Amino acid sequence: MNEPKLKRDPEGTRRRILDAATQQFTTQGLAGARVDAIATAAGTNERMLYYYFQSKEGLYVAVLEAMYVEFANHEVSLDLSGLQPADAIRALALSIWDYLRANPRWLSLINNENLHEGQYLARSPKLREAISPVISLLSATLARGAAAGEFRADVDALDFYVTLVAMGYYVVSNRFTLKAFVGRDYSAPSAIEAVSAMQVEMLLSFLRPASAATSLYPASAGAAAREDGARMN
Numbered sequence: 001m002n003e004p005k006l007k008r009d010p011e012g013t014r015r016r017i018l019d020a021a022t023q024q025f026t027t028q029g030l031a032g033a034r035v036d037a038i039a040t041a042a043g044t045n046e047r048m049l050y051y052y053f054q055s056k057e058g059l060y061v062a063v064l065e066a067m068y069v070e071f072a073n074h075e076v077s078l079d080l081s082g083l084q085p086a087d088a089i090r091a092l093a094l095s096i097w098d099y100l101r102a103n104p105r106w107l108s109l110i111n112n113e114n115l116h117e118g119q120y121l122a123r124s125p126k127l128r129e130a131i132s133p134v135i136s137l138l139s140a141t142l143a144r145g146a147a148a149g150e151f152r153a154d155v156d157a158l159d160f161y162v163t164l165v166a167m168g169y170y171v172v173s174n175r176f177t178l179k180a181f182v183g184r185d186y187s188a189p190s191a192i193e194a195v196s197a198m199q200v201e202m203l204l205s206f207l208r209p210a211s212a213a214t215s216l217y218p219a220s221a222g223a224a225a226r227e228d229g230a231r232m233n
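Numbers 1 to 233, taken from the UniProt record's numbering, label the letters of the sequence shown in order.
Please keep in mind that the hints were generated in silico from the structure rather than gathered at the bench. These numbers come from a predicted model, not from an experiment. Even glycine gets a Cβ: it sits at the ideal position worked out from N, Cα and C. Incorrect hints may have been included.
[To be verified] Here are the computed distance ranges between Cβ atoms for each label pair:
| hint | residue 1 | residue 2 | range |
| --- | --- | --- | --- |
| 1 | ALA140 | ALA37 | 18 to 28 angstroms |
| 2 | LEU158 | PRO125 | 27 to 37 angstroms |
| 3 | SER136 | ALA41 | 30 to 40 angstroms |
| 4 | TYR51 | ALA140 | 13 to 23 angstroms |
[What the hints assert, rightly or not] As a list, the in silico SDA-like pairs of lysine to any residue whose alpha-carbon atoms are at most 25 angstroms apart:
| hint | residue 1 | residue 2 |
| --- | --- | --- |
| 5 | LYS126 | GLU150 |
| 6 | LYS179 | PRO125 |
| 7 | LYS126 | VAL76 |
| 8 | LYS56 | ILE135 |
| 9 | LYS126 | LEU30 |
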């Protein structure tokens, strides 16, 4: 009796290679990652790796693409349309910062690629396509806020997005060095809650129109500050 043939699963093989490569590139970097170790971990051979990805560098780019697309899809899946503009910004920010904390491998890959000055990411034609829906989602939220008079109308959505991500990225990616340097554990739940609340308020303060921001500080306070300045001159 003949042995049954195993069913070919090209997509499954490709996914296993990507998963194994993600682990290797996260821990070893591009230079230290070994093709044979990736193939073994994926339960396949080096020939299949080269068949799907052409080279180790091609596999590395594919891993970066997959991680960025997954990150973008997570944000686009948020339903912000039913939230008030300020609540929508808060939800988006907290979601992104939570994602960064939950995916340390992604941070390791980003840090590694920055050591390469982004040269491998620059080879990918898919990354700009991945970020566009996220920026569109944020742009629509900012436009709703501006139409309601809650937000300024001159906010650049891409700059705001980069700033929002950077706030969460720094605290997460530098959590170990921050703990050693300043003595505070920014991965502790109480620190996460306090810093996130502060960062959200900073973002919303920037978005408020000038008239709304001025109303938060009484005119008398501004006048007193001007008088103090005049006395100092």
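Hint check results:
Look at ALA140 against ALA37: about 45 angstroms separates their beta carbons, and that is not inside 18 to 28 angstroms. With their beta carbons about 19 angstroms apart, LEU158 and PRO125 fall outside the hinted range of 27 to 37 angstroms. The given range of 30 to 40 angstroms is respected by SER136 and ALA41, whose C-beta atoms sit roughly 37 angstroms from each other. One distance hint, 13 to 23 angstroms for the beta-carbon pair TYR51 and ALA140, is violated here, with the actual separation near 42 angstroms.
In summary, the hint linking LYS126 to GLU150 is not supported, as the alpha carbons are separated by about 34 angstroms, beyond the 25 angstroms threshold. Between the alpha carbons of LYS179 and PRO125 the distance comes to roughly 38 angstroms, so the proposed pair goes past 25 angstroms and is violated. About 16 angstroms separates the Cα atoms of LYS126 and VAL76, which keeps this hinted pair within 25 angstroms; it holds. Straight-line distance between C-alpha atoms of LYS56 and ILE135 comes to about 31 angstroms, which puts the hinted pair past the 25 angstroms bound.
Restraint check: the Cα-Cα separation between LYS126 and LEU30 comes to about 20 angstroms, which is no more than 25 angstroms; the hinted pair holds.
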